[in-house]
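Undergrad: Each chain, letter by letter, is given below.
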Amino acid sequence: MTELTLVQAVNRGLFEAMRSDPDVLVLGEDVGVNGGVFRATEGLLKEFGEERVIDTPLSETGIVGAAIGMALYGLKPVAEIQFVDFIYPAFDQIVSELAKFRYRSGGQYPCHVVIRSPYGGGIKGGLYHSQSPEAYFAHTSGLKVIVPSNPADAKGLLLTAIHDEDPVLFLEPKRIYRAVTGEVPDGDHRVPFGLASTVREGSDVSVFAYGAMVHVAAQAVDALATEGIHAELIDLRSLVPLDEKALLASVEKTGRAVIVHEAPRFCGFGAELAAIIAEKALYSLKAPVVRVTGYDTPFPYALEHLYLPNMERVAHAIRKTAQAA
Amino acid sequence: MTELTLVQAVNRGLFEAMRSDPDVLVLGEDVGVNGGVFRATEGLLKEFGEERVIDTPLSETGIVGAAIGMALYGLKPVAEIQFVDFIYPAFDQIVSELAKFRYRSGGQYPCHVVIRSPYGGGIKGGLYHSQSPEAYFAHTSGLKVIVPSNPADAKGLLLTAIHDEDPVLFLEPKRIYRAVTGEVPDGDHRVPFGLASTVREGSDVSVFAYGAMVHVAAQAVDALATEGIHAELIDLRSLVPLDEKALLASVEKTGRAVIVHEAPRFCGFGAELAAIIAEKALYSLKAPVVRVTGYDTPFPYALEHLYLPNMERVAHAIRKTAQAA
Amino acid sequence: MAEPTPSTENEPVAVASRIPSTDLLGVYRMMVTSRVVDERCLTLQRQGRIGFYVPMQGQEAAQVACAWALSPEDWIFPAYRELGVALTRGIPLKLLLDQFIGNAGDAMKGRQMPNHYGYRAFRFVTASSPVGTQIVQAVGTAMAARRKGEPIVTVTFFGDGTTSSNDFHSGLNFAGVVQAPTIFFCQNNQWAISLPREKQTRSETLAAKGVAYGVPGVVVDGTDVHAVYAAVVQARERALAGGGPTLIEAQVYRLGPHSTSDDPRRYRSDAELNQWKAKDPIARLKSELLADGQLTEEADRDLWESTKSEVSKALAAAEAMPPVDPRTMFDDVFARLSPQLEEQRLSFEELPSPNPVRT
Amino acid sequence: MAEPTPSTENEPVAVASRIPSTDLLGVYRMMVTSRVVDERCLTLQRQGRIGFYVPMQGQEAAQVACAWALSPEDWIFPAYRELGVALTRGIPLKLLLDQFIGNAGDAMKGRQMPNHYGYRAFRFVTASSPVGTQIVQAVGTAMAARRKGEPIVTVTFFGDGTTSSNDFHSGLNFAGVVQAPTIFFCQNNQWAISLPREKQTRSETLAAKGVAYGVPGVVVDGTDVHAVYAAVVQARERALAGGGPTLIEAQVYRLGPHSTSDDPRRYRSDAELNQWKAKDPIARLKSELLADGQLTEEADRDLWESTKSEVSKALAAAEAMPPVDPRTMFDDVFARLSPQLEEQRLSFEELPSPNPVRT
Ligand SMILES: Cc1ncc(C[n+]2csc(CCOP(=O)(O)OP(=O)(O)O)c2C)c(N)n1
Ligand SMILES: Cc1ncc(C[n+]2csc(CCOP(=O)(O)OP(=O)(O)O)c2C)c(N)n1
Ligand SMILES: [Mg+2]
Ligand SMILES: [Mg+2]
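Chains as they are written, first to last, in numbering that gives the first Met the number 0: chain H, 0 to 324; chain F, 0 to 324; chain L, 0 to 358; chain B, 0 to 358.
Everything labelled a hint here was simulated from the structure, so no lab data went into it.
All figures in this text were calculated on a predicted structure; none of them were measured in a lab.
Some hints could be false.
Ranges between beta-carbon positions, derived for each pair [what the hints assert, rightly or not]:
| # | chain 1 | residue 1 | chain 2 | residue 2 | range |
| --- | --- | --- | --- | --- | --- |
| 1 | L | Gly25 | H | Glu164 | 50 to 56 angstroms |
| 2 | L | Ala120 | F | Asp221 | 49 to 55 angstroms |
| 3 | F | Asp20 | H | Ala178 | 50 to 56 angstroms |
| 4 | F | Ser19 | L | Ser286 | 27 to 33 angstroms |
| 5 | F | Glu251 | L | Ser260 | 22 to 28 angstroms |
| 6 | B | Ala270 | H | Thr180 | 34 to 40 angstroms |
| 7 | F | Glu251 | B | Glu72 | 45 to 51 angstroms |
| 8 | L | Glu348 | F | Ala222 | 19 to 25 angstroms |
| 9 | F | Ser19 | L | Asp262 | 48 to 54 angstroms |
| 10 | F | Glu251 | B | Leu345 | 17 to 23 angstroms |
| 11 | B | Gly47 | H | Ala224 | 32 to 38 angstroms |
| 12 | B | Arg45 | H | Ala224 | 37 to 43 angstroms |
| 13 | B | Arg17 | L | Asp262 | 55 to 61 angstroms |
Glycine included, every Cβ here is placed at the ideal spot set by N, Cα and C.
The following block holds chain H by itself, in its conformation from the complex (with noise of 0.2 angstroms):
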């Protein structure tokens, strides 16, 4: 175990793979002598050589495209996008190719490349460093969608992201890159997909979250316990494959649902958590679902404070789902 940042997890997890697996490089813009704009990729070029930590030309189609080559000759590529918000010129071979190939081909082209990329806001980035676009990808049959929250997930997630043999899209919440640190397992340490994790035991409401708003939504909860409302908080960790499991069984043991994200609300991922509530959870329902997300608009630069949703907005929500009818 050592104590590490989020994004210190995250540059342990990719030594670790590169260590114990020759086939595992990276590649990506500012990666290797720069070792990444926020570090994550910080001594892997001294250590690996450059033909395994690779400072790609400006171009995101070309990153993906060409990690999409790799994995089809068997390597095991690392393809880090330098904010998510530059991923849609690299959509198209995400969307229509990587997510497709093992499908379109029969099952003779699984296609295993992992995308990294910092993801979120609250780091004063405006408009285009801080959006949250998972719902695309998690809408987008054929790729698994990670989100850790904290240092140990993040590495363990990584691991088994690496070791997976579908593409995943793995976000780390930027905004907790260095602002939170936790003991991290050395080693190998692998974290299972499609498990959420039990972040506050409660009974009153449940609240589900991911990234850096399970941080956000635990100061509500834990504010909110000293009211006697006991919240329980739900990481999901895993977008694809989701824990429906864990989703139904709280909802079924609360009869009351918060989720809680950053990204606009209209068709965000927080939509599919409540359409399988009241499709499957529905009778155990004693009080309207709520979303507490961003607003459905781009991101704001000056007010991103009010924009995110912060303790206070999730408090509030949890507080009146817990008193609804």
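Take the given structure of chain H and dock chains F, L and B with the ligands to it, following the hints.
TA: Showing chains F, L and B with the ligands alone in chain H's frame:
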């Protein structure tokens, strides 16, 4: 009034707009001399010439990017994406630029582009000529998303789109381009955005659909009427802005909701409808909200008749929902 | 329309790399097979026995000669029009027909439109429809092969229109920077559906686009099997010697429609078509073979006849295959069925009419 | 790192298009202003008074001379590093500082990071962060202006790294095909964050990429205001005469970090930096002005001092502005608030703590 197919109605809408406003122009692949691969732009080149009917090089990035530039200068470009499956190379221009231009410039640079594109399955188009990606765009703040289901709406909504002030993605259900005909008002016929239309009135179950699925759902609804189940069928038409009032009013009346779309279920547009119902009409619900959708796989060629919601599947879902305790 | 330029640019064609005389009849056979399959498939589509088809008539010399110059170890990244490449690679005709039908024998499991195939055993990567995406993937595979120390090249096929795609730009650029052992084989068939070459780009030739990436560009007459073969051999040798990628522009003409959904009379003249029909690559090679005595008119007739009956046989076998099993629809989304897909498959199997007719 | 090539390619610089001598002091003033603002903003960022900053030191000559050659009617499509262009265009400093702060005076309404601004009245289009997107937009605007019969050009600014973007490819290609009156002004500052020019592309020069699109390419020494001015004047004249687009590569150097988040010592040497510092474009023009007597050392000192106090004054005014009104967050998503946004705004206003502290 003239009896037209849906694609003819689109064509008439384009003629109407281009005749009445010299700032309207059309650009895309094969839209000129070929009249569009579905003939939606047939005859335009002859009447309006190469300056207003522009056959572009094979680049969706270029088509949308150039259209944005034209719109900034005050023209009203109508861009055609040949199949919506090929919109992804333009995704960055659409999501990062078109949708955000007005907002990011503080309102200085409105950017009114209409993007027309055939979408959906049912023409044996397989993986890459059948997709329904509306949820990606509905989740993108700043875009309007419109889907007509019949010739009169196709013309009326298209004319509204071209004269709107915001960017509009106009998805044309190609499966019913020619399969559906109807009376279409001549002249400058407009159908407002944000208003759903009631296709069948009923009191037992609410069925929500759009595009080609309206017809599949109508068949199911009609079949069930003979069994004594009276479903209400609502054609959403305008996904963004959504007619939430119509959605909620119908659910409040029937207490039961079935949502039908072609796209994969997970994080599909149906999730948002279900979520709104779970949030705002929960206390009216007498049965779980059910989604009848494409499966969470890429779109299959040989099995499309089983992949797409068909009459039997929709009827089955309505029946079950009507009978649920 | 520009006529094909019979000369090459930048790179002189070494006479040594003409197709060996003993191979020529084999090349011709492949070209004839391509033509026969192509024509049969157009008929099958009209008869409703296959749903769609993309013909390649006019491009036989370019495709077969290019594929002929490769090693079977080389990886091929095709577009949707590469029948001649597929056949030359040795992919059995029956397998291709299974794909066109989308039956239980289809390696793609009936998931893709006709012409969108691939066969791992043949190092022929499954094509998609969005144009160009394969170009940059081929570069990634070349980088991977080099990293693994395997002396192969990757070859990617695409059309004139596809030079405008994002992936052409990123693929050529990456390849230039990393000196990837990739051959970019552009079949300039003069049209991208209805858009003529000169409206696609103002670049003088498509090969000249290599300049933007420091990648050597070569123009060849794509109706001349020798010129094509020589250019590919040379590009391949350079790539394997560490000299990096090459962009080859093979000037050809699409004699047929873009696809069975297309009517080329809407946008191009009979005069143009006839001009190019006169340069039919099959007729051209036939003359050469007749001239040097490797072929007689009679042997040629026999060849066409035997090929046709081979195709008929393969077709009968393919049409006898059962349809694809509906339950396979849920496979291969992921390596293993996710819980969510398992649930969907179950609900699918439990539907009242498990195999309802199309609505 | 390549040193700047002082000569132009393809196009001889007509002596007639040197910057008029009477303009030179004005050009110099703009360059000095850019430098002063730039340095002040770096300090403001360190002090936490602005959140982020993208400096442009080393690129003053290229930016100011280019903007100087344009008509105020021409449309500018900048990236995020075009302070010199903005100032030369006449955008008031206070307005820019309002944007850097994101206050109530910010025309962008506090929605974008510093450096991402635009002002319709100045025909200066609001920049975004994704690199390159503006390139093809500039072509669309040029097509629109031509269609409306307005004799203007569009000019788009981008860096060496951005030549690898999809939008560079589509923008240059569209412009070539339609002969759009667009000037593609590439500031090759030798680095794209940590990636040096020679790893960005194997193209010999960036201007050479024009060949791929039939667009003339020109290389200029971007530290030489005359060379830049001449190239832009010539490109502009050609565009207005119907001769189509031009790609100009101005070879410069980014003397500072990529942004305030960047530490260039991680990836480049002091030696390289110092070599380019010796070619500081401001020093270069100053020498010329001193030599021909338009400037004295004393006048120069005064200029710097008065500029600094001007900047201080504008800054004080900007910092006195109120913060942006939170309720504006919901505006400008659409022309009119949608019912859904209206509801969200209402719920926002009704939150128990309308202006909670950041969590
Ligand atoms: C990204 C994308 N846009 C549009 C299409 C529709 N489309 C299919 S083929 C084609 C023309 C391709 O032309 P070219 O590259 O010259 O190849 P050819 O068909 O002539 O062999 C177009 C526009 C597509 N498949 N992909
Ligand atoms: C599409 C996209 N990918 C990545 C980034 C992150 N990024 C910002 S600037 C930059 C380098 C740009 O280099 P260049 O074009 O040379 O311009 P310069 O910054 O040197 O002026 C990168 C990679 C981005 N803004 N957009
Ligand atoms: Mg072609
Ligand atoms: Mg640069």
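Undergrad: A separate judgement is required for each hint: does it hold in the structure or not?
TA: We went through each hint and held it up to the structure:
Checking the proposed 50 to 56 angstroms range against Gly25 of chain L and Glu164 of chain H shows it is violated: the Cβ atoms sit about 40 angstroms from each other. In this structure the supplied range 49 to 55 angstroms holds for Ala120 of chain L paired with Asp221 of chain F, their Cβ-Cβ distance being about 50 angstroms. Take Asp20 of chain F and Ala178 of chain H: their Cβ atoms lie about 53 angstroms apart, and the range 50 to 56 angstroms holds. Between Ser19 of chain F and Ser286 of chain L the C-beta distance comes to about 60 angstroms, which lies outside the given range of 27 to 33 angstroms.
Restraint check, Glu251 of chain F to Ser260 of chain L: a C-beta distance of roughly 46 angstroms breaks the suggested window 22 to 28 angstroms. Separation of Ala270 of chain B from Thr180 of chain H is about 38 angstroms and conforms to the stated range, judged on CB atoms against 34 to 40 angstroms. Checked against the given bound of 45 to 51 angstroms, the beta carbons of Glu251 of chain F and Glu72 of chain B, roughly 57 angstroms apart, lie outside it. Glu348 of chain L and Ala222 of chain F have their C-beta atoms about 22 angstroms apart, which keeps the hinted 19 to 25 angstroms range intact.
In this structure the supplied range 48 to 54 angstroms is violated for Ser19 of chain F paired with Asp262 of chain L, their Cβ-Cβ distance being about 31 angstroms. A beta carbon spacing of about 21 angstroms between Glu251 of chain F and Leu345 of chain B agrees with the range 17 to 23 angstroms that was offered as a hint. Checked against the given bound of 32 to 38 angstroms, the beta carbons of Gly47 of chain B and Ala224 of chain H, roughly 35 angstroms apart, stay inside it. Arg45 of chain B and Ala224 of chain H have their C-beta atoms about 41 angstroms apart, which keeps the hinted 37 to 43 angstroms range intact.
The hinted window of 55 to 61 angstroms between Arg17 of chain B and Asp262 of chain L holds, with their beta carbons roughly 58 angstroms apart.
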